[in-house]
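Peer 1: Residues per chain are reported as follows:
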Amino acid sequence: MTTISSLVPARFLTLTAHLVIVITIFWSRDSNVLACLPLQYTQEQYQARDTELIVALSVTLGLFVVELAGFLSGVSMFNSSQSLLSIAAHVSASVSLLFFLFEQWSCTLYWWIFAFCSVLPAATEIVIFIAVFGLKKKAL
Amino acid sequence: MAAMKAGKASLQLSSVPLQMLFFLNGVYYGFYFLATLLMVIYKSQVLSYPDGNLALDLALLFIMAILEAIRLYLGVRGNLKEEEVSVGISLALTVGSMLLSVYFMVWQTYVLRADVIVGAVLLVIYGLEAILDVTAIAAFASAYA
Numbered sequence: 001m002t003t004i005s006s007l008v009p010a011r012f013l014t015l016t017a018h019l020v021i022v023i024t025i026f027w028s029r030d031s032n033v034l035a036c037l038p039l040q041y042t043q044e045q046y047q048a049r050d051t052e053l054i055v056a057l058s059v060t061l062g063l064f065v066v067e068l069a070g071f072l073s074g075v076s077m078f079n080s081s082q083s084l085l086s087i088a089a090h091v092s093a094s095v096s097l098l099f100f101l102f103e104q105w106s107c108t109l110y111w112w113i114f115a116f117c118s119v120l121p122a123a124t125e126i127v128i129f130i131a132v133f134g135l136k137k138k139a140l
Numbered sequence: 001m002a003a004m005k006a007g008k009a010s011l012q013l014s015s016v017p018l019q020m021l022f023f024l025n026g027v028y029y030g031f032y033f034l035a036t037l038l039m040v041i042y043k044s045q046v047l048s049y050p051d052g053n054l055a056l057d058l059a060l061l062f063i064m065a066i067l068e069a070i071r072l073y074l075g076v077r078g079n080l081k082e083e084e085v086s087v088g089i090s091l092a093l094t095v096g097s098m099l100l101s102v103y104f105m106v107w108q109t110y111v112l113r114a115d116v117i118v119g120a121v122l123l124v125i126y127g128l129e130a131i132l133d134v135t136a137i138a139a140f141a142s143a144y145a
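So the sequences go chain by chain: A and B.
The UniProt record's numbering numbers the first residue of the first sequence as 1 and each following residue consecutively.
The UniProt record's numbering numbers the first residue of the second sequence as 1 and each following residue consecutively.
None of these hints come from the bench; they were simulated from the model.
Beta carbons are placed, not taken as given, at the ideal position from N, Cα and C, and that holds for glycine.
Possibly wrong hints are sitting among the right ones.
Said to hold, decoys possible - A few chain A residues that face chain B, going by a derived Cβ cut-off under 7 Å, partial list only:
{"no.": "1", "residue": "Pro9"}
{"no.": "2", "residue": "Leu13"}
{"no.": "3", "residue": "Ile23"}
{"no.": "4", "residue": "Thr24"}
Stated by the list, open to error - A few chain B positions that, by computed beta-carbon distances, are all more than 12 Å from chain A:
{"no.": "5", "residue": "Phe31"}
{"no.": "6", "residue": "Gln45"}
{"no.": "7", "residue": "Leu56"}
{"no.": "8", "residue": "Ala59"}
{"no.": "9", "residue": "Phe62"}
{"no.": "10", "residue": "Thr109"}
{"no.": "11", "residue": "Ala120"}
Said to hold, decoys possible - Label-pair restraints from in silico Cβ distances:
{"no.": "12", "chain 1": "B", "residue 1": "Ser48", "chain 2": "A", "residue 2": "Phe99", "range": "25 to 31 Å"}
{"no.": "13", "chain 1": "A", "residue 1": "Ser31", "chain 2": "B", "residue 2": "Leu38", "range": "20 to 26 Å"}
{"no.": "14", "chain 1": "B", "residue 1": "Val116", "chain 2": "A", "residue 2": "Phe99", "range": "19 to 25 Å"}
{"no.": "15", "chain 1": "A", "residue 1": "Ile126", "chain 2": "B", "residue 2": "Val46", "range": "16 to 22 Å"}
{"no.": "16", "chain 1": "B", "residue 1": "Leu128", "chain 2": "A", "residue 2": "Gly62", "range": "17 to 23 Å"}
{"no.": "17", "chain 1": "B", "residue 1": "Leu34", "chain 2": "A", "residue 2": "Phe116", "range": "24 to 30 Å"}
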């Protein structure tokens, strides 16, 4: 692609917006953890749920690093299909996580958002990495 | 005016990562400006501002936008034309932008968590830009172009 398409800034902005919301949820996860505990809970139950949510958020941040590495190094910056998939996934993630935060959704719902909106684009990113570096295909 | 370097494959001194950073900075700053402005409006409705503070916050935000525009324009121009003076002025203005972003993260009247996060990302971008600015100025200045 010789011209700068508008997919590149859109992808960067949606990626960053998703990142900002994930960090915000990390900072204020107390209400979400309380939402998935029964009314009478013990400290161990709270810790277990809290740790689960921390693990989910940390893995999300790790997958962000994978996707940002692929994007900023140019490996998939101009690949339209990956850009479209990434934009769609991160926009849905941003909107759902906004609801997750403000409506205090239960923490088990986070795994669903995580699966569709973080794992999917990161997995295709890894496929592109393998295609470009391993199989020496030209960046699509 | 690329320098002639005997035996060197590339004649181009302009820094591609720096150009990428300028482009992404411009796009991200649009998001940052909108986010900060909306948060200030939200805070003005929900919280009570002491006299004059709201005007100060808004004025600094608009000054930051103008500073950013000048800074990015000079930086892009200097990088593409391989002029170290423009990139140097851009680097000096980056210091001002960094101070303003720290203002919005720490010294603002009311600071929300989201303020801190978007400000931190902006500071990371500024830091990387400052480093690449210095390497670009070094490349341009030592080329005898």
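Peer 1: Against this structure, judge whether each hint is valid.
Peer 2: Structure-based check of each hint:
1. A least Cβ separation of about 4 Å between Pro9(A) and chain B falls short of the 7 Å threshold, and the interface hint therefore holds.
2. About 6 Å separates the beta-carbon of Leu13(A) from the nearest beta-carbon of chain B, less than 7 Å, and the hint is met.
3. Below 7 Å, beta-carbon pairs count as interface contacts, and Ile23(A) has one with chain B at about 5 Å; its hint therefore holds.
4. Satisfaction of the interface hint for Thr24(A) is found here, the shortest Cβ-Cβ separation to chain B being roughly 6 Å, below the 7 Å cut-off.
5. With a cut of 12 Å on Cβ distances, Phe31(B) falls inside the contact zone with chain A, its closest approach being about 6 Å.
6. In this structure Gln45(B) is separated from chain A by more than 12 Å, as the shortest Cβ-Cβ distance comes to about 17 Å.
7. At roughly 25 Å from the closest C-beta of chain A, the C-beta of Leu56(B) stays outside 12 Å, upholding its exclusion from the interface.
8. The Cβ of Ala59(B) lies farther than 12 Å from every Cβ of chain A, with a closest approach of about 25 Å, so its non-interface assignment holds.
9. No beta-carbon of chain A comes within 12 Å of the beta-carbon of Phe62(B); the shortest separation is about 21 Å.
10. Against chain A, the non-interface label of Thr109(B) holds: every CB pair exceeds 12 Å, the least being about 20 Å.
11. With a least CB separation of 9 Å from chain A, Ala120(B) falls inside the 12 Å interface cut-off, contrary to its annotation.
12. Taken as a hint, the range 25 to 31 Å holds for the pair Ser48(B) and Phe99(A), whose Cβ atoms sit roughly 29 Å apart.
13. Take Ser31(A) and Leu38(B): their Cβ atoms lie about 22 Å apart, and the range 20 to 26 Å holds.
14. At about 22 Å, the beta-carbon gap between Val116(B) and Phe99(A) stays in the expected band of 19 to 25 Å.
15. Here the CB-CB span from Ile126(A) to Val46(B) is close to 43 Å, at odds with the stated 16 to 22 Å.
16. Range check, Leu128(B) to Gly62(A): Cβ separation about 21 Å, and the 17 to 23 Å hint holds.
17. The given range of 24 to 30 Å is respected by Leu34(B) and Phe116(A), whose C-beta atoms sit roughly 27 Å from each other.
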